[in-house]
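S.K.: Letter by letter, the chains look like this.
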Amino acid sequence: QKEVEQNSGPLSVPEGAIASLNCTYSDRVSQSFFWYRQYSGKSPELIMSIYSNGDKEDGRFTAQLNKASQYVSLLIRDSQPSDSATYLCAVILTGGGNKLTFGTGTQLKVEL
Amino acid sequence: EAGVTQFPSHSVIEKGQTVTLRCDPISGHDNLYWYRRVMGKEIKFLLHFVKESKQDESGMPNNRFLAERTGGTYSTLKVQPAELEDSGVYFCASSQAVWEQYFGPGTRLTVT
Numbered sequence: 002q003k004e005v006e007q008n009s010g011p012l013s014v015p016e017g018a019i020a021s022l023n024c025t026y027s028d029r030v031s032q033s034f035f036w037y038r039q040y041s042g043k044s045p046e047l048i049m050s051i052y053s054n055g056d057k058e059d060g061r062f063t064a065q066l067n068k069a070s071q072y073v074s075l076l077i078r079d080s081q082p083s084d085s086a087t088y089l090c091a092v093i094l095t096g097g098g099n100k101l102t103f104g105t106g107t108q109l110k111v112e113l
Numbered sequence: 105e106a107g108v109t110q111f112p113s114h115s116v117i118e119k120g121q122t123v124t125l126r127c128d129p130i131s132g133h134d135n136l137y138w139y140r141r142v143m144g145k146e147i148k149f150l151l152h153f154v155k156e157s158k159q160d161e162s163g164m165p166n167n168r169f170l171a172e173r174t175g176g177t178y179s180t181l182k183v184q185p186a187e188l189e190d191s192g193v194y195f196c197a198s199s200q201a202v203w204e205q206y207f208g209p210g211t212r213l214t215v216t
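If you read the protein sequences in the order shown, they are chains W and V. Counting from 2, one number per residue, gives the positions in the first sequence under my numbering. Counting from 105, one number per residue, gives the positions in the second sequence under my numbering.
Treat the hints as calculated values from the structure; they're not laboratory data. Please read these numbers as outputs of a predicted model, since none were measured by experiment. Virtual Cβ for every residue (Gly too), placed ideally from N, Cα, C. It is possible that part of the hints are untrue.
Computed spacing ranges between beta-carbons, pair by pair [unchecked claim]: (1) V:Glu161 <-> W:Ile19: 23 to 29 Å; (2) V:Glu161 <-> W:Gln81: 29 to 35 Å; (3) V:Pro165 <-> W:Ala18: 40 to 46 Å; (4) W:Ser27 <-> V:Met143: 20 to 26 Å; (5) W:Lys110 <-> V:Pro185: 23 to 29 Å; (6) W:Asn8 <-> V:Asp134: 32 to 38 Å; (7) V:Arg126 <-> W:Ala69: 21 to 27 Å; (8) V:Asp134 <-> W:Tyr40: 38 to 44 Å.
Here are some of the chain V residues that sit facing chain W, going by a computed Cβ distance under 7 Å [said to hold, decoys possible]: (9) Ala106; (10) Phe111; (11) Glu156; (12) Gln200; (13) Trp203.
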């Protein structure tokens with residue numbers, strides 16, 4: 002079992018819809034969770050961080066964390082074609098110092 | 105504020121040669137990280153500096169890789185001698201706080 006798992010996709014959603022991206026992790030006592038967006042050939046861009054159970058909203062993005070279920074998700078409201086990218090889930094695992102452990106990423110396609 | 109910069113953006117070398125990658129972190133960021141993504145795999149941690157000191161080098165694959173951070177500013181990652189399996193994209197990231205890491209554009213290394 003991988004430490005951080007994501008569905009590779011592609012996930013296709015129509016413009017204006019809500020895109021829901023999911024991530025599970027193996028370490029039940031992890032405390033720090035991040036979502037990065039990566040356009041093809043570009044660097045990962047930090048878009049959300051979440052540390053506590055519940056929801057965290059920033060503009061059109063909402064991160065949801067459920068530590069009991071070891072599950073973190075990213076919702077993108079009013080999806081735009083410019084949101085088409087790969088979304089990487091990253092976790093700082095217990096005992097891992099400050100290093101990020103990444104999932105393989107989910108490719109999102111927002112269609113006109 | 106300038107972001108993380110990396111040089112070169114792309115390097116093609118022959119097996120057995122030496123390559124040095126450079127990373128300039130965001131000004132004032134004491135934490136500097138190196139990551140690598142090989143084709144088809146997730147981004148993986150290589151090492152972490154706090155100022156000029158190596159905090160965690162658990163991800164360094166072998167002793168052909170040498171990382172330095174002169175005076176706690178920029179960092180270099182040298183691969184000597186390069187092997188075919190070293191090909192991939194090498195990312196540098198920096199952070200001020202211990203959790204949120206900001207990535208550079210990466211160096212694409214191709215070993216032929």
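S.K.: Could you run down the list of hints and mark each one as holding or not?
M.R.: Each hint, compared with the structure:
Hint check: V:Glu161 to W:Ile19, Cβ distance near 42 Å, so the stated range 23 to 29 Å is violated. Taking the beta carbon of each, V:Glu161 and W:Gln81 are about 41 Å apart, not inside 29 to 35 Å as hinted. Distance hint check: the CB atoms of V:Pro165 and W:Ala18 are about 42 Å apart, consistent with the given range 40 to 46 Å. Between W:Ser27 and V:Met143 the CB atoms are about 24 Å apart, so this pair conforms to the stated range of 20 to 26 Å.
In this structure the supplied range 23 to 29 Å is violated for W:Lys110 paired with V:Pro185, their Cβ-Cβ distance being about 41 Å. For W:Asn8 paired with V:Asp134, a C-beta distance near 36 Å keeps the hint of 32 to 38 Å intact. Take V:Arg126 and W:Ala69: their Cβ atoms lie about 44 Å apart, and the range 21 to 27 Å is violated. Checked against the hint of 38 to 44 Å, the pair V:Asp134 and W:Tyr40 fails, with Cβ atoms roughly 28 Å apart.
Proximity of V:Ala106 to chain W is violated relative to the hint, the smallest CB-CB distance being about 13 Å (cut-off 7 Å). For V:Phe111, the suggested interface contact is broken, since its CB lies about 14 Å from the closest CB of chain W, more than 7 Å. Using the Cβ-Cβ criterion of 7 Å, the hint placing V:Glu156 at the interface with chain W is not satisfied: the shortest such distance is roughly 16 Å. Taking 7 Å as the C-beta cut-off, the interface hint given for V:Gln200 is violated, the closest approach to chain W being about 12 Å.
Because the closest C-beta pair between V:Trp203 and chain W is about 5 Å apart, less than 7 Å, the hint holds.
Of the numbered hints given earlier, the model fails hints 1, 2, 5, 7, 8, 9, 10, 11, 12; all others are met.
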